[in-house]
Structure formats: structure tokens, C-alpha cells
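First residue of the sequence shown: 1, per our numbering; consecutive thereafter.
A hint or two may mislead.
Okay, the calculated beta carbon distance ranges per label pair [said to hold, decoys possible]: (1) V2 to L43: 23 to 31 Å; (2) D12 to E44: 41 to 49 Å; (3) G13 to L43: 34 to 42 Å; (4) R9 to E44: 47 to 55 Å; (5) V39 to S16: 15 to 23 Å; (6) D38 to A3: 27 to 35 Å; (7) D7 to V31: 12 to 20 Å; (8) S16 to D38: 25 to 33 Å; (9) L43 to H8: 39 to 47 Å; (10) R9 to V39: 37 to 45 Å; (11) G13 to K40: 22 to 30 Å.
If you are wondering where the hints come from, they were derived from the structure by calculation, not from laboratory data.
Glycine is no exception: its CB is placed at the ideal position from the N, C-alpha and C atoms.
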Amino acid sequence: YVALSYDHRIIDGRESVGFLVAVKEALENPVELLMNNDVKKALEL
Numbered sequence: 001y002v003a004l005s006y007d008h009r010i011i012d013g014r015e016s017v018g019f020l021v022a023v024k025e026a027l028e029n030p031v032e033l034l035m036n037n038d039v040k041k042a043l044e045l
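Work the whole structure out from these sequences, hints included.
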């Protein structure tokens with residue numbers, strides 16, 4: 001569960017939902033976020 005608190009007068013609800021979806025997807029697949037979904041290449045020296 002991910003929650004976000006913001007001022008509705010400044011931020012549109014649709015934009016905040018899009019941001020939360022992006023955060024959720026990044027947390028669900030950290031390899032893609034941190035290693036561009038290529039573990040082998042990311043671990044090369």
C-alpha cells in the first residue's frame with residue numbers, strides 16, 4: 001500500500017495517481033529501475 005498526501009488546490013488528482021503508479025512499479029521491479037533491466041551488463045566492471 002502506497003499513500004500520498006498533497007494539496008488538491010495545487011496538484012491535479014490525475015497527476016498524483018500517475019506519480020503513485022510510477023513509484024509502485026519502480027518498487028515492484030527495482031532491477032528495472034536500478035539496472036535498466038539488464039543485470040548482467042550492470043554488474044560488468
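| request: Identify every previously stated hint that the structure contradicts and give their numbers, smallest first. | output: 5, 7, 11
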